[in-house]
Structures are given as C-alpha cells and as structure tokens.
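The task is simple: from the sequences and hints, build the whole structure.
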Amino acid sequence: MNLILQGGRLFDPASGRDETGDLVIQEDKIRDLGPGIAAAGPGVLDCRGLIVCPGFIDLHVHLREPGQEYKETIESGTRAAAAGGFTAVCAMPNTHPVNDGAGATAYLIQRAKEIGAARVYPVGAITQGSRGEALAAIGAMRRAGAVALSDDGRPVMNGQILRRAMEYAARFGLPIVEHAEDLNLSAGGVMHEGAAALRLGLRGISAESEAAMVARDILLAERCGARLHIAHLSTAASVRLIAAAKARGVPVTAEVTPHHLTLTDEDIRDYDANFKMNPPLRAAADREAVIAALADGTIDAVATDHAPHAPHEKAQEFSRAPFGVIGLETALPLVLRLVAAGRLTLRRALDALTARPAQVFNLPGGRLEPGAIADVTVFAPQESWVCDPARGFSKSRNTPFAGQTLAGRVRHTIVAGRVVYSAS
Amino acid sequence: MGESQSRHLLGIAGLERPAIQALLDRAAAMQRRPPEKLLAGRRVLVLFYEPSTRTRTSFEVAARRLGAETVSVTASASSIEKGESLLDTVYTLRAMAVDAIIMRHGESGAPFLVARHVDVPVINAGDGMHEHPTQALLDAFTILRHKGRIAGLKVAIVGDILHSRVARSNLWLLSRFGARVRLCGPPSLLPAEFAALGAGIECHHQLEPALDGADVVMVLRIQMERMREAFFPSEAEYVHYYSVTAERLRLARPDAIVMHPGPMIRGVEIGAEVADSPQSVIREQVENGVLIRMAVLEQLLAPAEAAEKSA
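Protein sequence lines, in the order shown, are assigned to chains A and E. Start counting the first sequence at 1173; every next residue gets the next number (this note's numbering). Start counting the second sequence at 253; every next residue gets the next number (this note's numbering).
Just so you know, the hints here were simulated from the structure itself, not pulled from any lab data. Some hints could be false.
[Stated by the list, open to error] Just some of the chain A residues that point at chain E, by a computed CB distance under 10 angstroms:
| id | residue |
| --- | --- |
| 1 | 1366 |
| 2 | 1373 |
| 3 | 1556 |
We put the CB at the ideal spot given by N, CA and C, even for glycine.
So this is what it looks like as structure tokens:
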C-alpha cells in the first residue's frame, strides 16, 4: 500500500531540508522524497500549500488508562494526539495502578497496538508505586518496552533513592525524568509564588522549589553518569542551571510545555482552574527565559504534559481542583505563535517537536529520509481556528485556551504509513 | 474581573472608585435616616463555610432591617460535611428560591466560582486569604466618620498580612482613595511583593516606623488556622516585636484611631489597654458594618427602588 504526499513543503528540521516536493510512502516506511518524484494517481494526498514534516513526538502525556478512564483512555488520548499532529506519545506511569512493572508496561503497549491512533511509548515508574521508597522493576520494564523512568507528578524527594535509581538506570541507558519540585518548599501551593498569587490570596509555589531540585538532580546525574531529563521546566533559575550543566558536559536534557511558553501567572482570571497546573504558570521573566532557552537549544523539546481532568473536577474552588491541562490538540499553533512573533525559527520549533525529542528518549522517527518510519505530519501553518474543547478528541476539556483563535492546523497525521487523522 | 462585578460584590479590587463612593454615601444616608423595607418579600441565603460571629450576624441584621427573610446555612449543619461539592450545594440551595447569596468560604475565589454558575447576586463575606469587601467598606466608612477624608492619611495595617483578606481588601480601597498604606509584620508574613500591589503601599518589618505619625492603626489577628508551618518562633516573640501596646501607640498621631476587624486576642496583637482606650473605634466598626451591609444589599437587590427613594 503506497501513499504519496504531493506538492507540499517538505520540512525536515534534522537535515535542514526545506523544499517543495513529494514524499512517497511504501508500506510503513518513507521510500523517497524530493521535488517532482511522484506522479498523480491513487493514494495521493494533495499537500500544496501545506508543510510536510516528521510526525510530532510528545515526551510527556497522561493517558489515564488504566484506572481513570473517565478522564481519558489510550484510545481517546491517542486520537487527540493524532489530531494534534503527534504520531508518538510517551505515557507517564501515574495511572491506577502505577506502571511500575513489566505487566503494566506490556499492557500499555499491547492496548495501544490494538486501538491506539498513535504510537505509545511507556515511561515506567522510578520507584514502586511512585512512593519514592524502593526502586521499581527497572530492568523488567526496560525489557517490556519502557523508554524512560519517572515518578511524574511526584518528585523523588529522597536524594539517595534517586541516586540509586540513576546508577542502576545508567546501565540500561534509560533517561531518568524528574518532576522537579521540592515538596517542602512548595507545600500547599496552588500557583506561582509572586505578586499575582498575593493579589488572589492563593498559596504560592516558588520558583526555587523547582530550581533547587533541578540543581540536586544535576549534581547526582553528574556523579552517576546518568541521563537526566527535566520534565516541564518552567523557571529562569532552572534554565540557568541546565545551561551551566550542559556547558560542563553533563548529559542533561529538558522539555517545556506550550502553556509555559505562552501564558504567565497574570493570565489566571476569576479563579478558573483550567489555568491550574503543576508546575504553575510562572512570571513573565520566567516565560521569557524558557522561550529563549528553547530557541537556543538549552531546552531540548516541547512536550505537552497533556493532563486530562473531568469538568466536575475542574469546576471546584481553585485550591481544591486538580493540577493539569490538556495540550495535545493545541501544541502546534501555540508553538507557531512564537514563530510568528519572531522568537523561534520554524526549524527550531519543529525540531523541538520531532527530531530532538526522538533523540532525548532514543525513539524511532523524527526524520524525513528514505528508509525512515513513515510517521509524518501535514499542517497548514496559517489556517486559523477557534479552540473549542467540546469539539476536541480528548475526553476532557480542561484547557486554558478555550475560545482563543489559534493559527496553524493539522491536516493529516500519518503513522507507519497509515492516515490516522485528517481534518474535516 | 469581568462582567460579573456589577451584579455581584466579589471584591474591592474589581470595584471602581465611584461605585465604592456610592456605597459609602448610601450608608451615611441610612445612618441619618433609617431605610425603608425595600427588600420585603425577598429571601437571602447566608451560606457560611467558616465560623463567624460578627459578619454573619451583621449581614442577617442588615437583611432583616431591609425587610428580607434570611436563610442561614453553616458548614457544620449541612451536606457540605458529607463531601458534596460547592457547586452542587449552591445549586440545591438556589432552587429554594433565594434572591441573593451571601457567602463566606475558606478557599480564595470560591465566590467567583459560584457567581459564574448562578443567576442571583453573590456577596463575598470573606473568601480564604483573598478579600472581605464589606469589611473594607465599613473600615473606610469608619475612617471617614473620624477623619473626614482618606486621601493623604497614613494608615498602618499591622499583623498577619499574608493570610489576611481584610488587609487585601483594605489596601485596594485605601490606595485607590489616596491613602498611604503602611503594611507591617514579620518578613515571613509580609512578602515584599505586597508593595507592588497598589500605589502608595509600603512594607515595614519593624513596628515603630510603621506607627510613626500614623493617622489610623489597623491591627490584625495572627491566623494560626491558616498556617501550615512556623512563620515566626513563638507567640511571645511576636508580642515582643509586633504587639500594638499603649506605649508604642504613642508613636502615632495623638488623634490616631485604632481599628480591629475582630476576632481580637487581647495581649497578643493588641494591648488590652489599647483596645479599650478612647482612641479605639473597634465597637463602632461593628455598628457601621450593619449600615454598609444594608447599602450593599439594597444596591444589589433593589437598585431602582433605592434610586427612586433617594431622588
């Protein structure tokens, strides 16, 4: 079965390819690409005026299955991913039960193969039950297909346990993904600590509660020779620490979310819990710092931290509502907003969604080249649309961007040579 | 703060100066001439999720003086304790034909959530650490009774600023009316960012310069119930540095007035002799609270009738 993407702007951030041409897919691989290589015929998608690039890879998604299927399922979550141009997502282990063993990892992979619209790569827990006490079955999860380790949603507060995990994981080359938060410094906090929190009378989560943990983790990774990846980095202080570590040659990487790139704590209006997530929306200076760090590569990847919650859970007092926002279906236009503003080149923006995340977790894909897996995203960079979460594919609607006009729309998403999403 | 503010009273931060002035003027008029029962036949829900003596009673008295019927619901005596969500509780109570909801809640912003989901006016009677708008209004009313103006006054607010909704509502109002607000407390209870919240706001970590030449001294309680960790070493140490005693009060102007929103812990944040001194207007604040709350209820529930009567 062949598929021809005809006349699009072939954009491959890794190689620098940027030219109008065709892309031919045979079975599940890219056979060839370039100007004028394919004739019209059956199995042709007209891509004129559209950008054709490697499928997006999200390092940080909460699919909620098993255990909280009322928020999201592997099926609905991967459909949302496909609609957002993501051909692969990394599933965080904080499900019920926690993915801390080979059985849960294998279940996720099997279930995604059966009904998933996009590839799903499990992230295993660092510690049993993500309780931060004893190491999870790291080797067994690796054998079952886990691509990284994280207790996401919770940091590993005990530094010695994290150190042991790093030492052990280094043997398998598995990245340790840290949700960097000193829980003593952030205790009780629900939004960024600063003038906005004082005004709203909400308890703060200081920038230092993140950065202090990033500093500790860098020191431990440096000692252990472990691959450290900082999840959803949000502060200027953390950026400085990552930049210094990278300059020393420490194998550390980082991701940033679309919401931290586009919103600040001042955007929280009328205690709308759809603006509540962890890490919280930070100060304007932090936002500036993460944008600059993404542009210069200090921050490697854009990851959504897609965190679905049911409407009744978010329609509560701000302090009581759970942390988290959905993000798969809005990531592309939000990143393109920075491109339009001249803060980010298109190449770097797409690199941070494709080739770079693939490298960070050592995943297939992220490139347009003959022989590569045929995971491809086709989008209209200028097409504007209004964000209406009721029309999205996620089971949940907790987005701070509802009602906003967004520019940049996914037209086709292709996974292993199969069209898994086309805009209607 | 959007469309909601004109229909509700959610906070001082969202109120323009003329709207505040109108409420103060109306309260003054009611003091001269008791209001008519413009709210006869109306039903007001008083929904309190936190214990309160004076504010709840004050609202109930105000509503009844205007002829309204009041229905009081407290957290300990309702389904709230069974885990029902705030919105479900409010929907249920709203269905009992109430014309307004006066609510106090331990979480900041809770009245905003309710206001987004009901079709009757919501009056914030104190939400978490956020606002207590009628307290700031009655405080301004009290200051005006004694000083005749707010602009240019030096107002010291001393105590647990961080956790205080009274401090926040007062600093919005007072800075908007041109007062020089001096916030004072230990650094852990007074983050420096407070100075950025309005014009003319100063932060003091020592009591003496904050009191120096002050026209108004507002004393706040230490809210132990909102503290999850130690903000200062001990009560004794707090008293040593921050208690407003008669001796320290001499630093303020001789005609300075002393205010306290209550509940007041004598011997801790305020000396007993200060609370009972001629400079204290603490009991008068309570009386003025009823006037202000009548003005608020009338303005939100019967604005047209009120305008007619005063014309």
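Hints, verified against the model:
1. 1366: holds, 6 angstroms
2. 1373: holds, 3 angstroms
3. 1556: Violated: closest Cβ of chain E sits about 25 angstroms from residue 1556 of chain A, beyond 10 angstroms.
Comparing the model with each numbered hint stated earlier shows that hint 3 is the single one that does not hold.
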